[in-house]
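**Student:** Sequence:
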Amino acid sequence: MLTVLIVGLALTASQDAADPIAASDLASLRTCLSENDHDPYNCDGAISEVCMSEDGGHTTAEMAGCLGRELAAWDVLLNERYATLMTREQDVDAAGYAEGRADQLRDAQRAWLAHRDADCLYEGDLYQGGTSAGVVRAGCMIEKTADRAIWLDDM
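When we follow this note's numbering, the leftmost residue of the sequence shown carries the number 1, and every step to the right adds one.
Rather than coming from a laboratory, the hints here were simulated on the basis of the structure. C-beta: ideal position from N, C-alpha, C; glycine also. Treat each hint with caution, since some may be false.
The calculated label-pair distances, taken between Cβ atoms and stated as ranges, are [claimed, not checked]:
{"no.": "1", "residue 1": "Gln128", "residue 2": "Met86", "range": "16 to 26 Å"}
{"no.": "2", "residue 1": "Ala98", "residue 2": "Ala61", "range": "45 to 55 Å"}
{"no.": "3", "residue 1": "Tyr41", "residue 2": "Ala83", "range": "19 to 29 Å"}
{"no.": "4", "residue 1": "Ala61", "residue 2": "Ala95", "range": "28 to 38 Å"}
{"no.": "5", "residue 1": "Arg30", "residue 2": "Glu99", "range": "27 to 37 Å"}
{"no.": "6", "residue 1": "Thr31", "residue 2": "Asp154", "range": "13 to 23 Å"}
{"no.": "7", "residue 1": "Val50", "residue 2": "Gly96", "range": "41 to 51 Å"}
{"no.": "8", "residue 1": "Ala27", "residue 2": "Thr84", "range": "10 to 20 Å"}
{"no.": "9", "residue 1": "Glu99", "residue 2": "Ala61", "range": "45 to 55 Å"}
{"no.": "10", "residue 1": "Ser132", "residue 2": "Gly96", "range": "51 to 61 Å"}
{"no.": "11", "residue 1": "Tyr41", "residue 2": "Glu62", "range": "23 to 33 Å"}
Given the sequences, and given the hints that come with them, work out the whole structure.
**Tutor:** Quick look at the structure:
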């Protein structure tokens with residue numbers, strides 16, 4: 001019981017410490033996207049590649065941490081863009097221009113999430129639980145999440 005409490009406190013403390021980093025990572029990603037509006041796909045890796053090139057980004061665990069930071073930033077962006085598009089589709093539905101657009105978007109997003117997760121689990125499982133499995137899975141999640149965030153923004 002004490003071990004669980006200590007681990008839980010350590011996780012909470014590390015999450016609290018990561019929040020300001022996530023804000024700066026998100027700001028870095030937004031800057032990259034504004035500077036690369038002609039090709040936003042250039043920003044895939046904008047956070048993790050910098051993180052891995054610094055001291056403390058070379059071991060598998062450190063790489064996973066860097067990839068986790070980037071995935072968190074893309075996930076925030078994905079959710080913002082989804083919410084913006086959902087609001088627009090709800091307005092279209094309410095105005096009577098079309099019916100069910102918001103429901104279609106919700107269903108498409110749910111299907112996409114399941115597809116992304118299954119693809120990335122499969123890709124990571126190619127390493128049969130080896131140390132690279134998590135890194136490969138995280139890289140896949142970043143690539144697919146970035147693609148979807150960019151797609152949602154283009155809609």
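**Student:** Evaluate each hint against the coordinates.
**Tutor:** Outcome of the hint check:
| no. | hint | in the structure |
| --- | --- | --- |
| 1 | Gln128 - Met86: 16 to 26 Å | violated (39 Å) |
| 2 | Ala98 - Ala61: 45 to 55 Å | holds (48 Å) |
| 3 | Tyr41 - Ala83: 19 to 29 Å | holds (22 Å) |
| 4 | Ala61 - Ala95: 28 to 38 Å | violated (51 Å) |
| 5 | Arg30 - Glu99: 27 to 37 Å | holds (34 Å) |
| 6 | Thr31 - Asp154: 13 to 23 Å | holds (19 Å) |
| 7 | Val50 - Gly96: 41 to 51 Å | holds (48 Å) |
| 8 | Ala27 - Thr84: 10 to 20 Å | holds (19 Å) |
| 9 | Glu99 - Ala61: 45 to 55 Å | holds (50 Å) |
| 10 | Ser132 - Gly96: 51 to 61 Å | holds (52 Å) |
| 11 | Tyr41 - Glu62: 23 to 33 Å | holds (25 Å) |
Of the numbered hints stated above, those contradicted by the structure are hints 1, 4, listed in ascending order.
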